[in-house]
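First to last, the sequence lines map onto chains R and Z. Each number in the numbering used here comes from the position in the first sequence (counting from 1) with 390 added on. Each number in the numbering used here comes from the position in the second sequence (counting from 1) with 390 added on.
Simulated from the structure, these hints should not be mistaken for laboratory data. Hints should not be assumed to be uniformly reliable.
In this list, chains with the same sequence are indistinguishable; a pair is considered to hold if it fits within one copy or across any two.
Said to hold, decoys possible - In the SDA-like style, the derived pairs of lysine to any residue whose C-alpha atoms are separated by at most 25 Å in a straight line are: (1) 404 - 437; (2) 404 - 443; (3) 632 - 583; (4) 509 - 531; (5) 716 - 539; (6) 757 - 622; (7) 504 - 491; (8) 632 - 496; (9) 420 - 449; (10) 420 - 454; (11) 422 - 495; (12) 671 - 706; (13) 721 - 765; (14) 481 - 454.
Chain by chain, the residues:
There are 2 protein chains.
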Amino acid sequence: MKIIVKKFGGSSVKNTDRIKNVARRVVETKRKGYHVVVVVSALGDTTDDLITLSKEITSSPPDREMDMLLSTGEQVSVALLAMAIHELGYKAMSFTGAQVGIVTDSAHTRARIKSISTKRFIEALRQDNIVIVAGFQGKTEDQEITTLGRGGSDLTAVAIACTLKAAACEIYTDVDGVYTTDPRIVKEARKIQKISYDEMLELASLGAQVMQGRSIEVAKKYGIPIVVRSSLNKNPGTIICKEAKDMEEVVVSGVAVAKNEVKVTLFGVPDKPGIAAKLFKDLAEKNINVDVIIQNKTKTNRTDISFTVYQDEFKRTQSLIKKIVKDVKAKGVTIDENIAKVSVVGVGMRSHPGVAATMFGALAKQKINIDMIATSEIKISCVIKKDKATKAMQVLHRAFGLGGKSSKAKKKKK
Amino acid sequence: MKIIVKKFGGSSVKNTDRIKNVARRVVETKRKGYHVVVVVSALGDTTDDLITLSKEITSSPPDREMDMLLSTGEQVSVALLAMAIHELGYKAMSFTGAQVGIVTDSAHTRARIKSISTKRFIEALRQDNIVIVAGFQGKTEDQEITTLGRGGSDLTAVAIACTLKAAACEIYTDVDGVYTTDPRIVKEARKIQKISYDEMLELASLGAQVMQGRSIEVAKKYGIPIVVRSSLNKNPGTIICKEAKDMEEVVVSGVAVAKNEVKVTLFGVPDKPGIAAKLFKDLAEKNINVDVIIQNKTKTNRTDISFTVYQDEFKRTQSLIKKIVKDVKAKGVTIDENIAKVSVVGVGMRSHPGVAATMFGALAKQKINIDMIATSEIKISCVIKKDKATKAMQVLHRAFGLGGKSSKAKKKKK
């Protein structure tokens with residue numbers, strides 16, 4: 391069975407005209423002889439509207455009931471899309487996540503997929519149906535309805551593609567693909583034709599909001615290629631796949647920015663083993679994710695520790711700060727909300743030294759001060775002042791030659 | 391387990407304020423020591439809005455997909471009501487029809503309930519939850535989502551009450567109960583305190599739009615009392631229950647009117663056995679319901695046959711008329727859309743003759759001509775001109791003394 395999985399996000403099905411458009415796209419693929427599974431998100435603002443309704447009733451809805459409420463959004467979409475495909479003269483069947491056998495754990499509002507049954511898919515596809523599945527949702531073994539949290543519909547599509555051993559998983563969205571950087575900020579931003587799972591994972595976690603990391607991780611594990619493309623035109627989009635030899639020639643694939651972090655610095659902390667452990671244990675217990683961590687020994691026996699947390703978890707961090715300062719016996723604490731993190735990503739970095747030098751040099755030339763540096767095998771991140779972020783992205787994009795016809799950076803020594 | 395089942399219709403949950411009101415009503419009953427199961431319809435206009443969306447896509451949606459679409463309406467209601475009950479500090483769990491084990495046949499958009507599993511109800515009630523169930527829906531044995539058609543939420547409530555052997559099934563609506571006739575037409579209309587299943591069945595089928603007949607039939611079969619009352623005040627409402635001795639003193643319980651029928655007369659039909667059978671077989675094959683049937687022998691060997699059909703099935707009837715006229719060898723056909731059917735209903739009729747005479751006399755006094763008459767054990771219906779319907783209801787209501795403090799009609803000879 392040659393199967394293609396297609397996922398259409400909320401903006402691709404925001405009204406009935408868009409749904410009819412999706413139906414035509416789906417039928418085209420069916421005509422080419424593929425079996426087609428379609429995963430759909432809720433119509434446009436449906437999810438927000440439902441959240442508004444719940445807020446009129448309570449500020450703290452039980453997670454179980456929130457899932458019951460929100461899962462209706464995708465159910466409406468799948469039914470309407472099935473109707474639109476019927477109208478074009480093709481067979482289609484819609485399914486909720488529960489119906490089609492997407493089994494999750496019981497962590498309501500952020501459930502993880504445990505297994506997907508292939509039975510109903512195979513039955514419906516064999517009967518020549520286009521199979522339409524509600525994204526973002528599943529059920530527990532006790533028949534409780536669950537939702538998968540942010541990026542859940544992408545995850546549904548990728549997980550189904552992996553389970554059915556699909557030829558590809560196509561993610562349709564309102565942009566043409568993955569760009570070298572945010573085109574709203576840097577005009578020369580260019581669409582990337584092919585990118586590796588690892589690079590995409592770094593870009594995803596760094597704030598390129600095309601896809602969530604968890605979907606890419608699953609696709610990587612099963613080796614299913616993902617295509618990110620627009621539902622509004624037929625441009626070829628970006629392929630996210632296994633690292634290929636030709637990719638390594640590209641040193642830097644993209645530049646990303648994240649402006650949603652806050653920097654906390656504890657200074658004058660006694661430089662003794664176990665102090666950092668204590669600090670991050672306090673944060674972990676409150677489920678606070680820490681991003682960049684820097685430790686700087688300044689005086690004898692004393693050290694400064696800086697770390698960044700995400701803005702939406704900062705409130706919870708603040709309520710902990712007093713306890714942390716006391717626990718680690720720090721002399722003081724500063725908080726800086728005026729930061730941004732710019733990053734360059736590329737698998738080619740492994741074999742092409744000089745990327746860090748190019749990056750720091752380009753920033754220095756613009757008198758942009760670097761506050762913190764964090765690196766991985768295929769990524770270099772610099773924390774800078776927030777008001778310098780746009781300028782930094784522009785110069786880095788240029789410094790690595792990402793805007794030109796070729797995206798190869800000049801090979802410099804690291 | 392002392393269980394009360396409560397059903398709230400769309401107008402009772404048309405916005406979040408109304409939902410909070412319902413939550414308070416439900417909690418009151420819980421506080422009195424009952425286990426409570428609540429059945430809810432979709433919010434206000436939700437169902438209509440969903441139908442509009444589907445019409446933008448296709449004029450002939452597959453029934454299966456229509457059920458997938460419409461069943462979301464009730465799912466939104468149950469989640470929001472569960473949240474509102476939590477907000478009041480009580481435990482509540484919402485369920486879709488499928489989740490709670492309401493199994494139906496596979497007749498999408500008009501499914502019949504085959505069985506209801508008690509397992510999840512008992513589990514959830516034992517854990518002290520108020521159980522909230524989406525009305526109007528179920529699933530087939532193949533996990534397909536179905537809806538129950540018109541009056542489906544009432545049916546859900548009554549069927550659950552019967553399965554759980556509830557103490558009562560309360561149907562909350564936007565009127566105070568069942569009236570002796572339509573209060574918008576007859577000012578003196580009075581709320582009935584108690585009415586038998588059979589009388590209510592006649593009134594339901596005669597156009598008193600409080601409850602659908604199928605729910606009453608189920609309640610009658612299992613002997614579960616139904617209480618119809620308002621969700622907006624605490625008035626006691628109407629009890630629909632087994633016929634009690636004191637009911638027989640009431641000769642006529644109510645007057646109903648139906649204006650949605652069309653009269654078809656075939657005249658000069660050969661008066662031979664099998665002719666009527668042929669006629670009504672043609673209609674039955676097209677799924678057309680016939681209400682009143684009158685056959686009048688006029689000449690030797692020839693007879694006139696009149697029958698009424700419902701307006702929404704009249705179009706389909708018209709396309710059959712030619713074939714029917716030919717099949718029954720009629721000399722001609724007339725169609726009258728200008729008719730109304732007024733009916734008086736009461737179990738007391740069985741033992742109190744004179745009702746027909748009173749009825750015909752009252753109509754005659756107002757010079758209202760009777761076109762057709764149909765009777766059952768507890769009902770007399772007269773087909774009259776549509777523009778006389780209001781007047782007819784008023785005089786009949788008065789003639790049977792329904793407006794006074796006592797609803798006993800004067801006992802006359804039939």
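Legend entry - Homo-oligomer pair classification [residue 495, residue 422; C-alpha up to 25 Å]: neither (37 Å within a copy, 37 Å between copies)
Inset, instruction - Pop the pair residue 671 and residue 706 into one bin, within, between, both or neither, using alpha-carbon distances up to 25 Å. - result: Within one copy only: 14 Å inside a chain, 74 Å across chains, cut-off 25 Å.
Legend entry - Up to 25 Å CA-CA - residue 449 versus residue 420, copy category: Only across copies: residue 420 and residue 449 sit 23 Å apart there, 45 Å inside one copy, limit 25 Å.
Legend entry - Alpha-carbon proximity context of residue 632 and residue 496, limit 25 Å: Answer is neither: 32 Å inside a copy and 46 Å across each miss the 25 Å cutoff.
Inset, instruction - Measure nothing new, just compare the shortest in-copy and cross-copy C-alpha distances for residue 404 and residue 443 to 25 Å and report within, between, both or neither. - result: both (19 Å within a copy, 12 Å between copies)
Inset, instruction - Measure nothing new, just compare the shortest in-copy and cross-copy C-alpha distances for residue 632 and residue 583 to 25 Å and report within, between, both or neither. - result: Within one copy, since 13 Å is at most 25 Å while 75 Å is not.
Legend entry - Homo-oligomer pair classification [residue 454, residue 481; C-alpha up to 25 Å]: between (34 Å within a copy, 12 Å between copies)
Inset, instruction - If the cutoff is 25 Å on CA atoms, where do residue 716 and residue 539 land: within, between, both or neither? Let me know, please. - result: Classified as neither: same-chain Cα gap 35 Å, cross-chain 65 Å, threshold 25 Å.
Legend entry - Alpha-carbon proximity context of residue 420 and residue 454, limit 25 Å: between (37 Å within a copy, 21 Å between copies)
Inset, instruction - Classify it for me, residue 404 with residue 437: is the Cα-Cα distance of at most 25 Å met within a copy, between copies, both or neither? - result: For residue 404 and residue 437, both the intra-copy (11 Å) and inter-copy (19 Å) Cα distances are at most 25 Å.
Inset, instruction - Since the copies are identical, ignore which copy is meant and state whether residue 721 and residue 765 lie within 25 Å (CA to CA) inside a copy, between copies, both or neither. - result: The answer is neither: 28 Å in one copy and 96 Å across copies each exceed 25 Å.
Inset, instruction - Could you figure out if residue 509 and residue 531 sit no more than 25 Å apart (CA to CA) within one copy, between two copies, both or neither? - result: both (16 Å within a copy, 15 Å between copies)
The structure does not agree with the numbered hints 5, 6, 8, 11 and 13 stated previously, though it agrees with the rest.
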